[in-house]
Structure formats: C-alpha cells, structure tokens
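Chemist: On the provided structure of chain A, position chain U with the ligands as indicated by the hints.
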Amino acid sequence: MKVREIVDSLRLKVLAGETGLDKEVNGVYTCDLLSWVMSHGKQGNAWITVQIHPNVIAVASLLEFSCVIVPEDIDVEEITLNKANDEAIPVLQSSLNAYELCVELNKLGA
Amino acid sequence: MDELLNVKYDVASGDFIRGGEASSNIKKLLQQLGVRNDIIKRICVACYEAEMNIVIHSVGGYIEAKVFSDRIEITAFDNGPGIENIDLALQEGYSTASNLAREMGFGGGMGLPNIKRSCDEFYIDSKVGEYTKIKIIVYLK
Ligand SMILES: Nc1ncnc2c1ncn2[C@@H]1O[C@H](COP(=O)(O)OP(=O)(O)OP(=O)(O)O)[C@@H](O)[C@H]1O
Ligand SMILES: [Mg+2]
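Top line first, the protein sequences correspond to chains A and U. With this note's numbering, the residue at position 10 of the first sequence is 10, and numbering never jumps. With this note's numbering, the residue at position 53 of the second sequence is 163, and numbering never jumps.
Calculated directly from the structure, the hints in this document are not laboratory data. Where a beta carbon is used, it is the ideal one built from N, C-alpha and C, also for glycine. Be aware that one or more of the hints could be misleading.
Said to hold, decoys possible - Okay, derived cross-link-like pairs now, SDA-like style, lysine to any residue, Cα gap no bigger than 20 angstroms in a straight line: (1) Lys226(U) <-> Trp36(A); (2) Lys151(U) <-> Gly170(U); (3) Lys151(U) <-> Ala88(A); (4) Lys226(U) <-> Ala88(A); (5) Lys2(A) <-> Asp32(A); (6) Lys151(U) <-> Ile79(A); (7) Lys245(U) <-> Pro223(U).
Unchecked claim - Rough simulated footprint, nothing fancy, chain U against chain A, three-plus residues with beta-carbon under 8 angstroms: (8) 26-36; (9) 45-54; (10) 98-107.
What the hints assert, rightly or not - From the structure, some residues in chain U lie toward chain A, with a derived Cβ separation under 8 angstroms: (11) Glu159; (12) Tyr204; (13) Met214.
If we strip away everything but chain A, and leave its shape as in the complex, we get (with noise of 0.2 angstroms):
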C-alpha cells in the first residue's frame, strides 16, 4: 500500500513532504522515544508520534520511514516540514489519536 492511499482513505493533511507519497507503507510504529523508535522501527513502517521537532525527520530518513503520522491535529514545526521536504519524508496530520489511526490503519490492513 502507499502512503497516498492511507492519507486518501483516512482523510489525512500532507503537511508536507508530497514527493514521498508513492512510497510504499511496510507495518506502523508508534512510540515518542526516539533511541527506542531507533532501535524497533523498521524500513517502511508509518511512525505515529507526537514529536514534532525536526529530529524526527532525522530518524524517520535514517530508518527510511515511509511517512510521519502526527495525531490530534497537533501543528508541526516549520522547520521540520522544510526538512521533511528535503528528504522527501510525507508528514501527515490526523484530528484521530494514536490508538484510533493503528485502529483505521490495521482496518486498511497497512
């Protein structure tokens, strides 16, 4: 699945980082601790966190996240959506909280 049809089908704002919505989604991760999210996040995973700051994008392009999924309408930093541009890395918004998008997530069997 790509990471265009999930922000399709759950309604998602691309806050930015367009040009990585044809990357493929491989599971879904959700944690805000980030030596933890560096050591069990996988290659593809959609991480759900609530970090908005621009090391997330660091960790997201480092384990080729293929996107970030901010929950609670939470506003994300604009120095983090230029990088997440950059590394062509999606930043998504969702007004769903985090157990709510692995529910719809699991329904879209990412």
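Modeler: Relative to chain A, chain U with the ligands alone:
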C-alpha cells in the same frame, strides 16, 4: 590497510536542528560505496545515538567514519564533561538528560545500549572534565 573512506563531521552542542546530519551524510556515503543495507542500518543506529549524545550531553565534538575493505570504524569524540560512571551509563534506562531533551523524546537511556548492540566491537573511554570517546567497529565480512 586500504582506506576506502575517511570523513569527519563537527557536532555542535545543543543543536537539535542539525543533530543527525553527520549520521545522515555517513549513511549516504556508505550507500554510494555499495555497503549492504543491514550493515548500513546498524551503522545508522550507532552513529545517530553517538551523535545525539554529543548534542545532548556534551560541549561539542565530532564524528568520524572510516571504511576499510573489511570493516567500518566510527569514532565519536567530544570535549567533555565526560562520564563519571561508565558502567552505570551503559545500563538500559539510565539517563541524566535534561527536561527539555526528555520532552523532545530523548532520555530513554537506550542510546549507549543501542550502540553496543549494533556493532561487533565497542570501546568507550572517558575522563571527567576532559572528554568522552566512543569507537565502534562493524565487520564487512
Ligand atoms: N558524550 C557524552 N558525554 C557525557 N555524558 C554522556 C555522553 N553520552 C552519554 N552520556 C551519559 O550516559 C547516559 C546514558 O546515555 P544513553 O545514550 O544511553 O541515554 P540518554 O542519552 O540519556 O537517552 P537516549 O539515548 O535514550 O535518548 C546519559 O544520560 C549521560 O549521563
Ligand atoms: Mg543517548
């Protein structure tokens, strides 16, 4: 011994915006050299954790990467404050990270254990008030 790559990046204290760029650059260079993906992933984990430790815990330093035909060596060096009790620092969950760093998702106390786990050889040396030096080696064969 034939050296295929030798790069060094300065890492600034407290720079959460650029923190991670040295690791990201090293990753790109390893990809260009055609290093296997699973090895790159291990180097990325170790490099990122070492780089962010310099950003969060130190006054600044550098990350150096050397690639030889049979191994990759990463050295992370900073100019202090040093680590008083290395055994304690290596324990999972031990952290002295500031509240600000914790709010940003750092401070899980998993960085050093992650580094250790992702490499074949791990060396750490530190002198309080002077420096911390971490060197890791990942075998290519
Ligand atoms: N370069 C360094 N200089 C001084 N102290 C350090 C350095 N690196 C690590 N430490 C000390 O060792 C502790 C453990 O480091 P570790 O990387 O495992 O966890 P952390 O950085 O606190 O949290 P996390 O890495 O999970 O975000 C740190 O909290 C700090 O006290
Ligand atoms: Mg750390």
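Chemist: Run the distance test for Lys151(U) versus Ala88(A): straight-line Cα separation, threshold 20 angstroms.
Modeler: At roughly 19 angstroms apart (the allowed maximum being 20 angstroms), Ala88(A) and Lys151(U) satisfy the hint.
Chemist: Would you check the hint for Lys226(U) and Ala88(A), treating anything up to 20 angstroms between C-alpha atoms as holding?
Modeler: 30 angstroms, violated
Chemist: Taking 8 angstroms as the Cβ threshold, is the statement that the region 98-107 of chain A is covered by chain U upheld or broken by the three-residue rule?
Modeler: Violated: only 0 residues of the region 98-107 of chain A have a Cβ under 8 angstroms from chain U.
Chemist: Holds or violated: are the alpha carbons of Lys151(U) and Gly170(U) at most 20 angstroms from each other?
Modeler: 25 angstroms, violated
Chemist: Against chain U, does the region 26-36 of chain A show at least 3 residues with beta-carbon separation below 8 angstroms?
Modeler: It holds, with 5 qualifying residues against the three required.
Chemist: For Lys151(U) and Ile79(A), compute the direct alpha-carbon distance and say whether it is at most 20 angstroms.
Modeler: 26 angstroms, violated
Chemist: Quickly compare the C-alpha distance for Lys245(U) and Pro223(U) to 20 angstroms and report which way the hint goes.
Modeler: 14 angstroms, holds
Chemist: Starting from Lys226(U), check that the Cα of Trp36(A) is at most 20 angstroms away, please.
Modeler: The given pair, whose Cα atoms are some 14 angstroms apart, holds under the 20 angstroms limit.
Chemist: Given the hint that Lys2(A) pairs with Asp32(A), test it: the Cα-Cα distance must not exceed 20 angstroms.
Modeler: Answer violated: Lys2(A) to Asp32(A) is near 23 angstroms, above 20 angstroms.
Chemist: Holds or violated: is the Cβ of Glu159(U) closer than 8 angstroms to a Cβ in chain A?
Modeler: Since the shortest Cβ distance to chain A is 6 angstroms, the answer is holds.
Chemist: How about Tyr204(U): closest beta carbon in chain A under 8 angstroms, or not?
Modeler: Interface hint status for Tyr204(U): violated (12 angstroms vs cutoff 8 angstroms).
Chemist: Can you verify the interface hint for Met214(U): is its Cβ closer than 8 angstroms to any Cβ in chain A?
Modeler: 6 angstroms, holds
Hint compliance for this structure: hints 2, 4, 5, 6, 10, 12 are not met, and every other hint is.
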